[in-house]
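Trainee: The chain contents come next:
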Amino acid sequence: MNENGNTLISLQNLQVHYDLGGGTLIDRITGGSRVRRVVKAVDGVNLDIKRGETLGLVGESGCGKSTLGKAILRLTEPTGGQVFYGGKDLAHASSSEMREQRKNLQMIFQDPYASLNPRMTVGQIIAEPIRTFNLSNGGNIEAKVQDLMETVGLNRRFTKRYPHEFSGGQRQRIGIARALAVDPKFIVADEPISALDVSIQAQIMNLMERLQREKNLTYLFISHDLRAIRHVADRVAVMYLGKIVELGEAKTVYAEPLMPYTKALISAVPIPDPEIEAKRERIILKGDVPSPINPPSGCHFNTRCPYAIAECRQIDPSLVEIKPKHYAACIRISPERPHIDENAAAGLGVVGEGTPEIKKGS
Amino acid sequence: MVNDLKTYFQTEDGVVKAVDGITFTLAKGETLGIVGESGSGKSVTNLSIMRLIPEPPGKIVNGDIRFDGIDVRALSIDDVRRIRGKRMAMIFQDPMTSLNPFLKISTQLMEVTELHLGHTKEQARRHAIKMLETVGIPDAKNRIDGYPHEFSGGMRQRVMIAMALSCDPELLIADEPTTALDVTIQAQILELIKDLKARMGTSVILITHDLGVVAGMTNKIIVMYAGKVFEQAPTRELFATPANPYTKGLLKSVPDPAHEEGTELYQIPGLPPDVAHLPPGCPFSPRCERAENVCHREFPPFVQINENHWSLCHFAKEVYAESMRERTAPNVTEAQIELNPLA
Chain A
1 MNENGNTLIS LQNLQVHYDL GGGTLIDRIT GGSRVRRVVK AVDGVNLDIK RGETLGLVGE
61 SGCGKSTLGK AILRLTEPTG GQVFYGGKDL AHASSSEMRE QRKNLQMIFQ DPYASLNPRM
121 TVGQIIAEPI RTFNLSNGGN IEAKVQDLME TVGLNRRFTK RYPHEFSGGQ RQRIGIARAL
181 AVDPKFIVAD EPISALDVSI QAQIMNLMER LQREKNLTYL FISHDLRAIR HVADRVAVMY
241 LGKIVELGEA KTVYAEPLMP YTKALISAVP IPDPEIEAKR ERIILKGDVP SPINPPSGCH
301 FNTRCPYAIA ECRQIDPSLV EIKPKHYAAC IRISPERPHI DENAAAGLGV VGEGTPEIKK
361 GS
Chain B
1 MVNDLKTYFQ TEDGVVKAVD GITFTLAKGE TLGIVGESGS GKSVTNLSIM RLIPEPPGKI
61 VNGDIRFDGI DVRALSIDDV RRIRGKRMAM IFQDPMTSLN PFLKISTQLM EVTELHLGHT
121 KEQARRHAIK MLETVGIPDA KNRIDGYPHE FSGGMRQRVM IAMALSCDPE LLIADEPTTA
181 LDVTIQAQIL ELIKDLKARM GTSVILITHD LGVVAGMTNK IIVMYAGKVF EQAPTRELFA
241 TPANPYTKGL LKSVPDPAHE EGTELYQIPG LPPDVAHLPP GCPFSPRCER AENVCHREFP
301 PFVQINENHW SLCHFAKEVY AESMRERTAP NVTEAQIELN PLA
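Chains as they are written, first to last, in our numbering: chain A, 1 to 362; chain B, 1 to 343.
You may find that some hints are simply not true.
What the hints assert, rightly or not - Derived BS3-like pairs: lysine-lysine, alpha-carbon spacing no greater than 25 Å straight-line: (1) K279/A / K197/B; (2) K86/B / K197/B; (3) K251/A / K252/B.
Said to hold, decoys possible - Coverage of chain A stretches by chain B, computed from C-beta distances (three or more under 8 Å per stretch; other residues unrestricted): (4) 16-30; (5) 93-103; (6) 162-170; (7) 223-229; (8) 258-269; (9) 282-296.
Treat the hints as calculated values from the structure; they're not laboratory data.
We put the CB at the ideal spot given by N, CA and C, even for glycine.
Using the sequences and the hints given, assemble the complete structure.
Mentor: So this is what it looks like as structure tokens:
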């Protein structure tokens with residue numbers, strides 16, 4: 001546990017595995033799966049989230065980024081590892097302790113249509129966490145709710161309205177007001193802008209940035225939209241099949257991505273400028289993200305990686321500090337030799353660190 | 001090809017003018033991008049062209065749709081069916097719901113050529129396998145007998161494209177073809193459409209809300225708002241010198257790589273309009289920063305800026321002049337952007 005004054009949340013070898021069964025004697029007799037099938041949605045993530053920062057978490061669908069966000073708040077139970085917040089391990093906290101901590105840890109959801117109870121008024125929705133945690137201090141809950149609505153840019157007179165009377169962007173503001181109601185320190189924002197129109201996305205991003213400045217919030221901003229992450233995040237973590245494969249300052253990760261996967265992701269983002277688009281060269285990845293059920297051995301990305309060599313199928317790469325504060329998990333790069341294309345051109349094989357896969361299956 | 005098209009819907013709230021006057025032509029091998037937010041009428045435009053508007057409540061009330069000289073509006077439903085799927089085809093946004101989950105991929109693909117090209121079962125199957133290979137589905141011979149749920153989102157979108165291209169259509173309408181997909185898969189699909197277009201000379205209408213997607217894919221662009229064409233121009237010109245405040249706002253509200261650290265992202269204030277209750281005057285006026293009295297009172301004129309560049313705005317010429325000035329202003333970061341646009 002390397003928690004220092006600057007770290008708000010520290011994840012240590014966090015795991016969320018879903019056991020799908022299989023591999024037992026009965027399965028063999030009844031024709032079930034011959035091997036035990038495990039979905040390693042989050043597979044040993046070590047990550048420090050710093051006070052006051054926005055950590056962007058990117059990756060393709062199915063890579064485990066939402067599960068990671070939920071596991072921090074125990075909305076999904078971690079199956080291994082620790083989540084340290086204020087010196088306490090949340091992953092092993094009792095449910096009453098955890099409940100207490102939810103005052104500090106909140107979430108904003110992707111779908112502004114499904115995450116608000118349609119039968120409650122907006123006033124009730126925002127007041128609910130205040131009542132639950134008895135935060136009114138004898139004051140007027142109604143007034144606090146109205147202040148919150150104003151804070152997120154909604155008309156304070158609308159407390160009696162129902163969610164369906166609001167647009168998608170407004171609903172997302174309601175979701176943000178609900179999260180802010182308990183004065184949290186940390187918010188997991190799971191794809192908060194994906195369901196919104198372009199002109200509304202900018203509004204919500206600006207609102208979240210303003211609130212962060214005013215209330216000194218820390219965000220884990222989960223998104224598959226690399227342009228949005230580039231804009232809001234201070235640091236970026238790139239996830240692939242349950243693991244963090246690259247981590248660094250947003251500026252450096254986008255300017256000089258180290259991992260072949262990150263390079264491909266960034267090159268795939270369309271740029272709204274026809275002149276640039278005409279000149280760009282894309283790295284087009286082959287195929288889809290493999291199934292997270294018993295993923296490829298070694299480096300999970302080896303099946304799609306243009307630089308993959310035989311060792312990539314055997315060695316599980318560790319997340320190594322390749323450049324100052326810039327980490328990547330790839331055995332073909334090292335702090336001395338950070339450029340994979342140069343290393344590949346020079347015919348170098350394994351230059352980096354990793355742990356050999358001993359045997360598949362847990 | 002499309003002249004002053006108007007499609008209205010009768011609703012409890014009154015008449016919704018989903019598409020209210022859109023005109024464009026699309027030459028062979030050209031790609032047109034239609035950009036807009038939800039409710040702007042971009043999808044209805046294309047459903048109208050395909051004669052897929054449910055009637056009632058919808059109705060094409062005005063306009064001329066000509067496809068290779070054929071008056072599409074005058075066609076009987078049987079005649080439409082003969083063209084649709086054969087000479088013009090459509091790819092829908094959601095690959096998860098636009099394939100029939102109960103039928104094998106083979107059945108759904110073969111149906112197209114059996115119907116339109118009179119293929120026998122055997123011919124149709126061979127053709128279907130060839131199409132799946134064309135769109136890059138590995139092991140097409142075996143995968144063809146799978147069901148949609150056995151395919152990933154990107155693969156299903158490829159199946160949709162294979163189906164749409166089965167009869168070598170002259171026009172392909174792609175309605176948000178990559179919105180439901182991850183960026184790496186989006187890049188694959190866009191590359192595929194580009195490649196097929198180059199090989200088969202298909203004309204494409206690409207509907208999207210993503211300005212990045214149209215930038216690299218299209219020859220010309222129509223920007224729609226509240227059922228109206230707000231701006232229409234060749235792609236490069238539209239991005240370089242927009243002549244409409246809404247287009248400018250859209251372009252600025254996309255996170256920009258050259259954007260200075262810590263500055264706020266430009267935001268268009270307000271909400272997308274309720275098409276059933278449009279304000280008087282210009283529909284964008286409540287959200288427009290440069291709106292003046294006249295904008296709130298009178299509907300704006302469709303101003304011609306250049307030969308193929310039009311803008312719906314009282315101040316179109318002024319906005320255009322502004323864009324020209326901004327364009328000529330020195331841009332220090334340009335060289336840097338070209339190396340790595342996101343850096």
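Trainee: Taking the earlier hints as the rules, which of them does this structure contradict?
Mentor: Numbers 4, 5 - these are the hints that the structure violates, sorted from lowest upward.
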